[in-house]
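A.B. asks: Chains as they are written, first to last, in my numbering: chain A, 1 to 294; chain B, 1 to 146.
Hints may contain errors.
Cβ pair distances, simulated, as ranges [stated by the list, open to error]:
#1 A:Gly50 <-> B:Pro56: 17 to 25 Å
#2 B:Leu104 <-> A:Ala76: 45 to 53 Å
#3 A:Arg77 <-> B:Pro56: 31 to 39 Å
FYI, nobody ran anything at the bench for these hints, they're computed from the structure.
We treat Cβ as the ideally placed atom computed from N, Cα and C, and that holds for glycine.
Here's the letter readout for the chains.
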Amino acid sequence: MTVPQDNDPKLTDYAHPERLVTTAWLAEHLGEPGLVVVESDEDVLLYDTGHIPGAVKLDWHTELNDPVTRDYVDGARFAEICGERGIGRDTTVVFYGDRNNWWATYALWVFSLFGHPDVRILDGGRAKWAAEGRELTTEAPKPETVEYPVVERDDATIRAFREDVLAHLGKPLVDVRSPGEYSGELLHMPDYPQEGAVRGGHIPGAASVPWARAAAEDATFKPRADLEAIYLTEQGLSPDDDVIAYCRIGERSSHTWFVLTHLLGFGRVRNYDGSWTEWGNTVRVPIVQGKERG
Amino acid sequence: MTLPAPLAELVDDFADVTPKERLQLLLELSEELPALPERYADAADTMEQVHECQSPLFLAVEVEDAGEQAVHLFFSAPREAPTTRGFASIMSTGLDGQPAAEVLAVPDDFYLALGLGQAVSPLRLRGIAAMLARIKSQVRRNLKSV
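Bound conformation, chain A alone:
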């Protein structure tokens, strides 16, 4: 760890407090050597309207995904993406973004596929930083390119594929989409097909826990006790469980993956990035419709 951790008391409650920083901590450490701040948003233009001073932009659609195959970039491309942003293997990377850090956690998850050691989320993301009246600038940073090693992606530890999910049926699954997506009801609007899946519903046995339940009003993560009330008490999950989370394309479930792994200390959580756009289109996989887990 290059840059010291944030010892804010809310954070130290979490299982892995070193994975989060507060806005106050970031304001104080901006510009320190060994720290790179990365903005990752749903909206591809939002960064350009103003960003945290010195922060670099990383777009999930156009940069983290392979342009042809439905997969993430490979080790060589990842090394370029990092290097040109001034990120070395030992750099502390703090991610933040719009929508309760939904895309920031997604970017962090992809960095974790490559085993980047020190990755952290700015608690509250862009919304909290802006709400506190902290500085945003349109001045483009000019990071010096550094060497980043070519590291093979590890797709086995925190990522699940369709075959893994089929083999996992009967074990805990968390569906983090909205209740309507979970039950399979389509928003019935003439002329407008639902996006991307020919069947609606959920994977058998999956619990419905919309991802945003883990976020507080100010876009920060809820305190540990509140998260435990949802995932442990209400859903009956245990940190020893082998859990797979999914959504539509694996973005919202990255948020839940982060919560379970780093905030609640679950030992084995995988994100199924194929998610509903794969499952809901796959021939002969089992699907359950309605509110029951099935």
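We have chain A; now place chain B onto it with these hints.
C.D. replies: Relative to the frame of chain A, chain B by itself:
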């Protein structure tokens, strides 16, 4: 492809520049999206939401009774959603004030010619396709009720 002149001009503007510059152009357009007129200011619930956009976007369409039945478009999208605002601005700049028949004749896939697929991603472009579909459907409904 026959497009209303202002829309054709926009499409040309996009086609003439590099993918990176297209993003910049979209950003500029997002800043130029006209504010919602007074009569819609407190009437978000009377407007139609475009669910296919990744951020909340509300749309209202008016069609003039007389003459060429010119179409007027009104949009509301938050400042934190510049891409959605940019798409709305393309519609507003390209179609506002155009005759209903011309708006209905815009090909559903006209946006492909903007060349934004690479810079914005195809998934995000779904929002602009949905916007046009909803505009046309409201124009049709308006014409029927006249």
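A.B. asks: Indicate, hint by hint, whether the structure satisfies it.
C.D. replies: For each hint, the structure was consulted:
Checked against the given bound of 17 to 25 Å, the beta carbons of Gly50 (chain A) and Pro56 (chain B), roughly 20 Å apart, stay inside it. For Leu104 (chain B) and Ala76 (chain A), the hinted distance range of 45 to 53 Å is satisfied, since their beta carbons lie about 49 Å from each other. Restraint check, Arg77 (chain A) to Pro56 (chain B): a C-beta distance of roughly 34 Å satisfies the suggested window 31 to 39 Å.
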